[in-house]
Amino acid sequence: AQSVAQPEDQVNVAEGNPLTVKCTYSVSGNPYLFWYVQYPNRGLQFLLKYITGDNLVKGSYGFEAEFNKSQTSFHLKKPSALVSDSALYFCAVRDMDDSWGKLQFGAGTQVVVTP
Amino acid sequence: EAQVTQNPRYLITVTGKKLTVTCSQNMNHEYMSWYRQDPGLGLRQIYYSMNVEVTDKGDVPEGYKVSRKEKRNFPLILESPSPNQTSLYFCASSLSVQATDTQYFGPGTRLTVL
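Which chain is which? The protein sequence lines are A and B, in order. For the first sequence, the working numbering assigns the number 1 to the initial residue and increments by one for each residue that follows. For the second sequence, the working numbering assigns the number 1001 to the initial residue and increments by one for each residue that follows.
For reference, chain A alone in the conformation it holds in the complex (with noise of 0.2 Å):
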């Protein structure tokens, strides 16, 4: 069975520093990734997956991800974070074997961006 963790519940960064949202995961196969944000009253919106390729994926917003084989690991990172990046972030992971679609999700980690 494939899961996911999301270590920390919140991460609180200062405007214009680095920001680094930490993702774990397990599945029996080769993994699919896939990061979501959801800003306060709206639906989840797609950041950026790992298929395959180079380990470093680039997204929307400024944001990038590395996935990491060794470790299990797809942390999503910002050189720079704004005021604007406070949202809900959610990991998610796809068994390649995984024949009926099912996306898990971590349990999210909510990050606080102060001016």
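The hints are simulated quantities; they were obtained by calculation from the structure and are not laboratory data. Beta carbons are placed, not taken as given, at the ideal position from N, Cα and C, and that holds for glycine. Check before you lean on any hint, since a few could be wrong.
Mimicking SDA-like on lysine to any residue, the simulated pairs with C-alpha atoms at most 20 Å apart in a straight line are [as the list claims (entries may be wrong)]:
id: 1; chain 1: A; residue 1: 49; chain 2: B; residue 2: 1042
id: 2; chain 1: A; residue 1: 102; chain 2: B; residue 2: 1064
id: 3; chain 1: B; residue 1: 1065; chain 2: B; residue 2: 1083
Computed far set for chain B versus chain A, every beta-carbon distance over 12 Å [to be verified]:
id: 4; residue: 1011
id: 5; residue: 1020
id: 6; residue: 1028
id: 7; residue: 1053
id: 8; residue: 1063
id: 9; residue: 1065
id: 10; residue: 1069
id: 11; residue: 1070
id: 12; residue: 1073
id: 13; residue: 1079
id: 14; residue: 1080
id: 15; residue: 1082
id: 16; residue: 1083
id: 17; residue: 1098
With chain A fixed as given, assemble chain B onto it according to the hints.
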């Protein structure tokens, strides 16, 4: 605009009163799914559909029903809602069931069952 829509966005109801939350997508997607979001638990899949007339249970299907009579619509039905179904519900769709496909989410429906 390509989107997933849900209605209603907010709903307060009482125990046992049947309700339906509608979901519609205009992207001709084959795969559709319902999730519920609860604090500390992330999103959990309720039901999914790989195409018209093909539906199956997700991780937390108890107390819910779905139907997929048309490709664009995937309503979620609560025949007899209970307070433990108070939650934030999301509908999602993707082009196909392939694991590489991105799922796109609706705006959410916040349901309160009294």
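Each hint tested on the structure:
1. Proposed proximity of residue 49/A and residue 1042/B is supported: the alpha carbons are some 18 Å apart, at most 20 Å.
2. Annotation: proposed proximity of residue 102/A to residue 1064/B holds, straight-line Cα distance about 18 Å (limit 20 Å).
3. Distance check on the hinted pair: residue 1065/B and residue 1083/B sit about 17 Å apart at the alpha-carbon level, within 20 Å; holds.
4. Distance to chain A confirms residue 1011/B as a non-interface residue, since its nearest Cβ pair spans about 15 Å, more than 12 Å.
5. Against the 12 Å criterion, residue 1020/B stays outside the reach of chain A, whose nearest CB is about 19 Å from its own CB.
6. Distance check on residue 1028/B: its Cβ is at least 16 Å (rounded) from any Cβ of chain A, clearing the 12 Å threshold; non-interface status holds.
7. Residue-level check passed: residue 1053/B sits 16 Å from the nearest beta carbon of chain A, beyond 12 Å.
8. At roughly 19 Å, the least C-beta separation between residue 1063/B and chain A is larger than 12 Å, which holds for a residue marked as non-interface.
9. Against the 12 Å criterion, residue 1065/B stays outside the reach of chain A, whose nearest CB is about 18 Å from its own CB.
10. No beta-carbon of chain A comes within 12 Å of the beta-carbon of residue 1069/B; the shortest separation is about 20 Å.
11. Consistency note on residue 1070/B: stated as away from chain A, and its beta-carbon is indeed over 12 Å from all of that chain's, at 19 Å minimum.
12. Every C-beta of chain A lies more than 12 Å from that of residue 1073/B, the closest at about 18 Å, which supports listing it as non-interface.
13. The claim that residue 1079/B is not at the interface with chain A holds, since no C-beta of that chain comes within 12 Å of its own (minimum 24 Å).
14. With a least beta-carbon separation of about 26 Å from chain A, residue 1080/B lies farther than 12 Å from that chain, consistent with its non-interface assignment.
15. At roughly 23 Å from the closest C-beta of chain A, the C-beta of residue 1082/B stays outside 12 Å, upholding its exclusion from the interface.
16. No Cβ of chain A comes within 12 Å of the Cβ of residue 1083/B; the nearest lies about 22 Å off, and the non-interface call holds.
17. For residue 1098/B, the requirement that its beta carbon stay farther than 12 Å from each beta carbon of chain A is not met, with the minimum near 7 Å.
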